[in-house]
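> Listed below, chain by chain, are the residues.
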Amino acid sequence: MLRDERLSQYALLIVALALVAAYLFPVYWMYVTALKTGNEITAWPPTFWPANPDFAAAEVWQRMQMATYLKNSAIIAVGVTVIVVVLGTGCGYALARVRSRWMDVVLFSILMMQVLPSSLMITPIFVAFSQVGLLDYPRSAVILAQAAKVLPFYVVLTRATFVQVPKELEEAALVDGNTRIGAFLSINVPLARNGILVAALLIFLQSLGEYVYSRSLIQNRALQPATVGLQSFMGPNTSDWQGVMTYAAIYVTPIILFFVLLQRQIVSGLTSGALK
Amino acid sequence: MPATSSSFRDGRGFDRMLVWITLTFLIVFSAFPLAYNILMSFQSVDLFTLASFDRPFVGLDNYKEVLTNSATDIIVKNTIVFVLLSVAAQLVIGFGLALFFQQRFPGATWLRGLFLAGWILPGLVVGAVWSWILAGDFGVLNWVLQTLGLTDDKIFWLSDPTNSLYSVIIANVWIGVPFNMILLSVGLSAIPDDVYEAAELDGAGRVWRFLTITLPLMRAQLGAVISLGIIFTLQQFDLFAALTQGGPSNGSNVMQYWSWELSFQDYRIGQGSAVSVLMIIVVIGVAAIYVRSTRHEHAA
Amino acid sequence: MTAQIEIENIDKHYGAYHALKNVDVRIPQGQFVALVGPSGCGKSTLLRTIAGLETITSGKIRIAGKDVSAAPPRARDLAMVFQSYALYPHKTVAGNMMYALRLKGMTRKQARARAEEIAQITGLDGLMDRYPRELSGGQRQRVAMGRAIVREPQAFLFDEPLSNLDAALRVHMRAEIRKLHDRIGATSVYVTHDQIEAMTMADHVVVMRAGVIEQQGAPLDLYDHPVNRFVAGFIGSPAMNFIPGQIAADGRHVVLDLPGAPRLTFDGRRPADEPVTVGLRPEHLVPGAGDNMLTLPVAVVERTGSSSYVLSDTTPPVMIAASDRLQGVERGDIQVTIKPSLVHLFSQTDDLALSAR
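Residue numbers (the working numbering), protein chains in the order written: chain Z, 1 to 276; chain A, 1 to 300; chain H, 1 to 357.
Because the hints were derived from the structure by calculation, they are not lab data. Possibly wrong hints are sitting among the right ones.
As the list claims (entries may be wrong) - Under the rule of at most 25 Å between Cα atoms (straight-line distance), these lysine-lysine pairs were calculated in the DSS-like manner:
| hint | chain 1 | residue 1 | chain 2 | residue 2 |
| --- | --- | --- | --- | --- |
| 1 | A | Lys64 | A | Lys77 |
| 2 | H | Lys91 | H | Lys60 |
| 3 | H | Lys91 | Z | Lys167 |
| 4 | H | Lys109 | H | Lys91 |
| 5 | Z | Lys167 | H | Lys104 |
| 6 | H | Lys91 | H | Lys21 |
Claimed, not checked - Residues on chain Z that point at chain H, a partial pick, calculated with CB under 7 Å:
| hint | residue |
| --- | --- |
| 7 | Met103 |
| 8 | Asp104 |
| 9 | Asp136 |
| 10 | Val165 |
| 11 | Glu171 |
| 12 | Ala172 |
| 13 | Leu174 |
| 14 | Gly177 |
| 15 | Asn178 |
| 16 | Pro190 |
No residue lacks a Cβ here, since even glycine has one placed at the ideal position from N, Cα and C.
Build out the structure end to end from the sequences listed, making use of the hints.
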């Protein structure tokens, strides 16, 4: 009996590994292609392991001026994350604490703003920003637009976290002599820290891959982020797949590392936000 | 010391202030553009009138032009096919994987979590990788299909207008599967074991248990996943940019990409707004139904 | 120095719901007051209005003579012990105790010294650097107490602080809280749903139901002279027996609606020929024969060793509590007598006690 169970468990494990491998094949293919030379890339049948691994990272980094692109991506992602955390954390808390018709309306509006697609919002944002002169500061324009796009998602995620902090702790702090803001900062925020960090990380990663707004609002190459850079690298008919995949690999490896390290927290943060 | 003057420090004013900080930002950068979008859809907006605050009103002309455009039929049809096929495939594959990983074996949770890697990558990078996998001459997918004997000739996924939409759908399903799977897993683990045990004692087989217990108890979860799937699918833009640019000859164009194209490549911004307004109504409609249904679940 | 608390005719509405109705309680300095009642009676709401965690719709709350009706919690200088203890999970025991002191402007060193001092009294020394999650239920309770004491507040507020402890520890902590109160002499308001806790700990008991104070006074006063049927049934364990009856034409006897229609004499005169509810405490029904005797068929006998309980086979059943073992009583009939002064009478129309005239 017991042996059978062990055996079937290992059989399931093997199937599971096969499923994961099949699903993650595109990621693997990106890395493998990045290591192949031009001849091997056009080999038929394709090779699944590079015959002569060729590291093009340094060359692509130089040629594509990746330092500039990645710096811009980082500036945009950091800017968005800072704005969202500063403006949104308190709202997530208030929506978790106060139950009223009023707050239901606010929550509903925020949920509605969460679903507005960037590609549909970019038209009015572009026109309005150009009219008030914001397009002279294109990265800031992208930061503001992207912050408005992801702020609702952050509020919903942190609200789910604050709901789990018992109300009595805050009340104890008030009776102990603190103000509302003092209790919020010294009791609620530290206790919701993990949820806030995961939400901020998700916002950061999302903004690191932002494309629509950057493509539409930033004309100056020197200010564009890595997504726009990758798009212009690919062009309509690229054949430099080693270059493109090397670029992609350099770009996403930090994201993948982040993800592997914090997988459990990201999964739980996501599910709590999407379902409540 | 009256309560009102110190309401921000000690009273309800604090909550109101926190909410208004967020709302103000969202009103300026989300709600206002939304309203402005509606206004622009009734105006003639192009490169020349872009900076003007006094643009001519054209009534419903933008909507008329957009709806009578020769490309409209295929783009609307593409959008419907894109949403239906993507959501259906994501749901079936995601549900299958969720059921599989619900079984007990070492590392199940961790391996399941790895799927989310696909969801967290920038859409444009996913598009780039798939555009290489789907490449007609040397793409690995064609090799796999040929090796399996499913096709004799190489399929030109991206450059053949009859295939290009499906290539975007394939990549979009790849992105959407993990999210579906994780949400459905949460629902599956919420079903208590003893319900299944009771059914087993009553003589229900595996399939019967799935149909009579799992599916009905997962109704709310399935509703949520389908609504969110539609919403995310209508937000998809990056894959179109990276894979097909809506082409060839609109073969893979969808409403949300077309709206951008009208505004930023044809500079017919008024028409871009009109398409955008129409699609936003659809998205908000789906989201409102979803939010309302989850609220009811909570009340019950 | 602790202070008196005056709660003057306060009302509290939550929208259409009237949570507190014209509540009026005066708490002299140093007194231990218990607010008791079934769940939903408003006792916790009343405590929270005193703390300033809930606003009041009308009326006044004064602490040490000062009107604090609209003041925030931090301006009231009260300490509160919560049912869940509400210990800050991210702070150590010392950190929990120092939190309020630091807010008062004490230096870290002063606060630590003061916390150590109180830790001695409450038996927390040695636990100061632990986190709440590393403590047992009883220890957490002590930290909650210590955190309140260290503040030297104007008054202590307790919100069912013992309900999360097991029965044995609860009895122990009950005595300990009362001892601490006697030593510090601080004004205390204690919310509980357990009438035994209220009776044993408090100087003054306030019985509430549905947002209204039904009766307040010294514990034994409530036991001896309940003003209505609700208080009579709520105070005392096992609960008072209520038997329908009719006052005889002379106004000095009541005929019980039980088989054999026994008659009881009571003290004083009451309105004649009136239908009433007769309240008899189980412990006042003394087994044996004599005047004012009831003969009841026995349904069940329970013996705990120290006392015995008999339940009669009548409608309604009558409970008898005796401090001996009642050897030989198994079935058949039991005879009990009752002193006239211990008979309670309540009007059947409004449940109010019918006092002697």
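> Hint by hint, note whether the structure agrees.
Hint by hint, here is what the structure shows:
{"no.": "1", "hint": "Lys64/A <-> Lys77/A", "verdict": "holds (18 Å)"}
{"no.": "2", "hint": "Lys91/H <-> Lys60/H", "verdict": "violated (36 Å)"}
{"no.": "3", "hint": "Lys91/H <-> Lys167/Z", "verdict": "holds (17 Å)"}
{"no.": "4", "hint": "Lys109/H <-> Lys91/H", "verdict": "holds (17 Å)"}
{"no.": "5", "hint": "Lys167/Z <-> Lys104/H", "verdict": "holds (23 Å)"}
{"no.": "6", "hint": "Lys91/H <-> Lys21/H", "verdict": "violated (39 Å)"}
{"no.": "7", "hint": "Met103", "verdict": "violated (15 Å)"}
{"no.": "8", "hint": "Asp104", "verdict": "violated (15 Å)"}
{"no.": "9", "hint": "Asp136", "verdict": "violated (45 Å)"}
{"no.": "10", "hint": "Val165", "verdict": "violated (9 Å)"}
{"no.": "11", "hint": "Glu171", "verdict": "holds (5 Å)"}
{"no.": "12", "hint": "Ala172", "verdict": "holds (4 Å)"}
{"no.": "13", "hint": "Leu174", "verdict": "holds (4 Å)"}
{"no.": "14", "hint": "Gly177", "verdict": "holds (4 Å)"}
{"no.": "15", "hint": "Asn178", "verdict": "holds (6 Å)"}
{"no.": "16", "hint": "Pro190", "verdict": "holds (5 Å)"}
Going through the hint list in order, the structure does not satisfy hints 2, 6, 7, 8, 9, 10.
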